[in-house]
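Student: Put together the whole structure using the sequences plus the hints.
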Amino acid sequence: MAQGNFILHEKEYRDFQGVLKKLLSDSYGKVVFLVDKNGTLLAAAGETEEFDTTSLASLAAGNIAATGGLASLIGEKEFSILFHEGERDNMHLSVVANRLILVVIFDRRSSVGLVRLRVRRASVELERILRAVDAGSKREEEDGIEELTEADIESLFK
Amino acid sequence: MSFINYSSREINCKIVYYGPGLCGKTTNLQYIYKRMNPESRGKMISLATETERTLFFDFLPLSLGEIRGFKTRFHLYTVPGQVFYDASRRLILRGVDGVVFCADSQLTRMDSNVESLENLRINLREQGYDADRIPLVLQYNKRDLPQAATVSELHALLNSRNVPEFEAVATTGVGVFETLKAVIKLILIDLKKGGR
Chain A
1 MAQGNFILHE KEYRDFQGVL KKLLSDSYGK VVFLVDKNGT LLAAAGETEE
51 FDTTSLASLA AGNIAATGGL ASLIGEKEFS ILFHEGERDN MHLSVVANRL
101 ILVVIFDRRS SVGLVRLRVR RASVELERIL RAVDAGSKRE EEDGIEELTE
151 ADIESLFK
Chain B
159 MSFINYSSRE INCKIVYYGP GLCGKTTNLQ YIYKRMNPES RGKMISLATE
209 TERTLFFDFL PLSLGEIRGF KTRFHLYTVP GQVFYDASRR LILRGVDGVV
259 FCADSQLTRM DSNVESLENL RINLREQGYD ADRIPLVLQY NKRDLPQAAT
309 VSELHALLNS RNVPEFEAVA TTGVGVFETL KAVIKLILID LKKGGR
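Chains as they are written, first to last, in my numbering: chain A, 1 to 158; chain B, 159 to 354.
No lab work stands behind these hints: they were computed from the structure. Treat the numbers as computed from the prediction; the structure is a model and nothing was measured. Among the clues, some could well be false.
Taking lysine to any residue pairs in the SDA-like style, the calculated list, with each CA pair at most 20 Å apart, reads [unchecked claim]: (1) Lys30(A) <-> Asp107(A); (2) Lys351(B) <-> Leu114(A); (3) Lys22(A) <-> Leu156(A); (4) Lys229(B) <-> Val95(A); (5) Lys229(B) <-> Ala151(A); (6) Lys201(B) <-> Thr53(A); (7) Lys192(B) <-> Ser55(A); (8) Lys343(B) <-> Glu154(A); (9) Lys11(A) <-> Arg131(A); (10) Lys158(A) <-> Arg226(B); (11) Lys229(B) <-> Ile153(A); (12) Lys351(B) <-> Gly136(A); (13) Lys21(A) <-> Val95(A); (14) Lys158(A) <-> Val332(B); (15) Lys229(B) <-> Leu156(A); (16) Lys351(B) <-> Thr149(A); (17) Lys158(A) <-> Arg231(B); (18) Lys350(B) <-> Arg167(B); (19) Lys21(A) <-> Leu156(A).
Tutor: Shown next as structure tokens:
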């Protein structure tokens with residue numbers, strides 16, 4: 001995991017977005033997020049303006065990391081699904097392909113059973129797209145990053 | 159592992175502030191939070207105990223503007239410094255792009271500095287990183303205290319890689335942004351080279 005960077009191109013981004021939108025409507029969720037295990041938000045769908053998505057992504061990753069740590073202490077590989085029940089809203093977190101975290105926030109219009117079922121289906125799709133992302137990372141890189149100069153970097157601090 | 163999104167033209171990098179307990183990691187983030195333009199920073203999250211010791215991590219997201227058409231976002235994390243939180247430290251190092259090692263300049267804390275630096279190297283290796291190559295900056299904090307060791311003593315003890323080092327007083331902000339700027343530079347240079 002320490003090697004290389006995670007590069008997301010336009011097509012795969014739109015594909016992720018498409019799966020999230022479908023999951024949102026199929027599960028009657030309020031909002032759906034896709035986060036990498038390091039806490040970076042990759043894509044989101046639904047009532048995102050209601051939430052601090054950056055903080056949510058970071059804490060979801062922390063949550064999964066901490067329960068993963070607990071799992072290994074009792075000899076489990078990981079706890080791949082977490083469910084948090086609130087008074088109004090609930091949160092379902094699941095690990096996809098051991099690298100991504102799919103978060104669904106839903107209220108009483110939906111149920112944990114329905115969310116779990118739809119998440120399972122969406123995860124298969126997300127795994128497929130992730131394989132395309134990995135293949136894409138091996139493609140020739142687009143313009144930009146590798147041409148960064150010292151002056152470009154310096155310009156950030158002016 | 160930086161995350162580059164060509165669709166939204168964004169680069170996301172993760173910086174971890176590491177160091178022994180009470181060396182000033184959280185104080186660095188608090189100062190950055192206080193002094194950054196609110197449009198350039200998100201909410202600071204601290205998962206701390208009732209006595210304000212870091213329990214899991216602090217988190218502060220920053221947006222530093224664009225380079226070559228890419229928005230740059232940096233996620234700053236601290237680890238809990240106390241020795242017995244090692245499992246949490248390992249988790250927070252996952253996916254790190256650059257590390258600030260915050261040392262406590264007080265002579266009485268030298269053993270803790272050395273122990274924490276060695277712990278960093280072990281945990282980096284465990285996460286698959288080359289501890290001798292990852293972007294690293296040293297910050298010698300608490301320079302205002304009377305019991306502070308000299309910079310040359312700290313250098314000899316902690317900076318065997320000869321990485322950029324900064325004197326700091328995080329409570330008043332001395333050296334805080336210089337440290338941050340240096341680690342960001344190292345990360346972007348590393349990114350340009352194509353990662354580790």
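Student: Give a verdict on every hint.
Tutor: Status of the hints after comparison with the structure:
For the suggested pair Lys30(A) and Asp107(A), the alpha carbons sit about 7 Å apart, so the restraint of at most 20 Å is met. At roughly 46 Å between alpha-carbon atoms, Lys351(B) and Leu114(A) are farther apart than 20 Å, so this suggested pair is violated. For the hint linking Lys22(A) to Leu156(A), the alpha-carbon distance of about 38 Å lies beyond 20 Å, and the restraint is violated. Among the hinted pairs, Lys229(B) with Val95(A) is inconsistent with the structure: their alpha-carbon atoms are about 28 Å apart, more than 20 Å.
Restraint check for Lys229(B) and Ala151(A): satisfied, since their Cα atoms lie roughly 16 Å apart, inside the 20 Å limit. As the CA atoms of Lys201(B) and Thr53(A) are separated by approximately 11 Å, the hinted pair is consistent with the 20 Å bound. As the CA atoms of Lys192(B) and Ser55(A) are separated by approximately 18 Å, the hinted pair is consistent with the 20 Å bound. Between Lys343(B) and Glu154(A) the CA atoms are separated by roughly 8 Å; this keeps the pair inside 20 Å, and the hint holds.
With a C-alpha separation of about 13 Å, the suggested pairing of Lys11(A) with Arg131(A) holds against the 20 Å cut-off. With a C-alpha separation of about 15 Å, the suggested pair Lys158(A) and Arg226(B) falls inside the 20 Å cut-off, and the hint holds. Taken as a hint, the Lys229(B) and Ile153(A) pair is honoured in the structure, with Cα atoms around 12 Å apart against an allowance of 20 Å. About 19 Å separates the Cα atoms of Lys351(B) and Gly136(A), which keeps this hinted pair within 20 Å; it holds.
For a cut-off of 20 Å, the pair hint linking Lys21(A) to Val95(A) stands: about 18 Å separates their Cα positions. Straight-line distance between C-alpha atoms of Lys158(A) and Val332(B) comes to about 19 Å, which keeps the hinted pair within the 20 Å bound. Under the criterion of a C-alpha separation no larger than 20 Å, the hint pairing Lys229(B) with Leu156(A) is consistent with the structure, at around 10 Å. This hinted pair checks out: Lys351(B) and Thr149(A) have alpha carbons roughly 11 Å apart, not beyond 20 Å.
For the hint linking Lys158(A) to Arg231(B), the alpha-carbon distance of about 16 Å falls within 20 Å, and the restraint holds. In summary, the hint linking Lys350(B) to Arg167(B) is supported, as the alpha carbons are separated by about 15 Å, within the 20 Å threshold. Of the pairs offered as hints, the one joining Lys21(A) and Leu156(A) is violated, with about 35 Å between alpha carbons and a cut-off of 20 Å exceeded.
Checked against the numbered hints listed earlier, the structure breaks hints 2, 3, 4, 19; every other hint is satisfied.
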